[in-house]
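If you read the sequences in order, they're chains A and B.
So the first sequence is numbered by the numbering used here: it starts at 35 and just counts up by one.
So the second sequence is numbered by the numbering used here: it starts at 1181 and just counts up by one.
Think of the hints as simulated: they come from the structure by calculation, not from any bench.
All C-beta atoms, glycine included, are put in the ideal place defined by N, C-alpha and C.
There may be inaccurate statements among the hints.
[Claimed, not checked] So, partial list: chain B residues that the calculated Cβ filter (under 8 Å) puts toward chain A:
1) G1223
2) V1262
3) A1266
4) F1269
5) G1277
6) K1278
7) L1279
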Amino acid sequence: EAGVVQSPRYKIIEKKQPVAFWCNPISGHNTLYWYLQNLGQGPELLIRYENEEAVDDSQLPKDRFSAERLKGVDSTLKIQPAELGDSAVYLCASSLSLAGGRNEQFFGPGTRLTVL
Amino acid sequence: GDSVTQMEGPVTLSEEAFLTINCTYTATGYPSLFWYVQYPGEGLQLLLKATKADDKGSNKGFEATYRKETTSFHLEKGSVQVSDSAVYFCALNNQGGKLIFGQGTELSVKP
Chain A
35 EAGVVQSPRY KIIEKKQPVA FWCNPISGHN TLYWYLQNLG QGPELLIRYE NEEAVDDSQL
95 PKDRFSAERL KGVDSTLKIQ PAELGDSAVY LCASSLSLAG GRNEQFFGPG TRLTVL
Chain B
1181 GDSVTQMEGP VTLSEEAFLT INCTYTATGY PSLFWYVQYP GEGLQLLLKA TKADDKGSNK
1241 GFEATYRKET TSFHLEKGSV QVSDSAVYFC ALNNQGGKLI FGQGTELSVK P
């Protein structure tokens, strides 16, 4: 069974440029998550989707970040414009929602963003 | 709010040594607890989990027991190998599907 797929794996851009990350979750998983992992820290949730609906985006900086999950499968996370402080690893995870929401999340390899 | 605190790394051990990585949490209610491992250049992988008090999660020789009285979920392994070198993250999931992670503990095992 294929895992969570993310692309690109690495991205280097100059500040003020736009950037987009793509995630394909595990087949059949209805919940998709985007996490931000700064160097030397644990991941922090940016946004969570249940099917097409963003049910938790409280930590997403909406002035420059946006996300979408069309058709409830693939998802794209965008930053426009990027700032130096956005350099980090962006992780995508998916899960099959169970009652209570404490379901196992499967992570992709992440996209390492470097903003120069 | 909910939080997870792990012992700081890096932890450096010789092969076959005993490993303990401490993890404590703060949460309302009854969270599920997890240990994830991140090998160099790879994504996070679930190592083990426990969903209620006194549960013991185990996998690949690693163990952790959900201790509600001490709000802890310490990771242990009796004999580490070089291949166990990685970053280990303790995490909790209280409600709504949001995982809250500790800062991670880097483990380096020398032959």
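Now for the hints, and whether the structure bears them out:
At a threshold of 8 Å, the smallest CB-CB gap from B/G1223 to chain A is about 4 Å, leaving the interface hint in force. Taking 8 Å as the C-beta contact cut-off toward chain A, the hint placing B/V1262 at the interface is violated, the least distance being around 22 Å. Residue-level restraint check for B/A1266 is violated (minimum Cβ-Cβ distance to chain A is 14 Å; threshold 8 Å). Against a cut-off of 8 Å between C-beta atoms, the interface hint on B/F1269 holds, since the closest Cβ of chain A lies about 5 Å away.
With 8 Å as the threshold, the beta carbon of B/G1277 comes within range of chain A, its nearest partner Cβ sitting at about 4 Å, so the hint holds. Restraint check, B/K1278 versus chain A: the minimum CB separation of about 5 Å is within 8 Å; hint holds. Interface restraint check: B/L1279 against chain A, minimum CB-CB distance 6 Å, threshold 8 Å, status holds.
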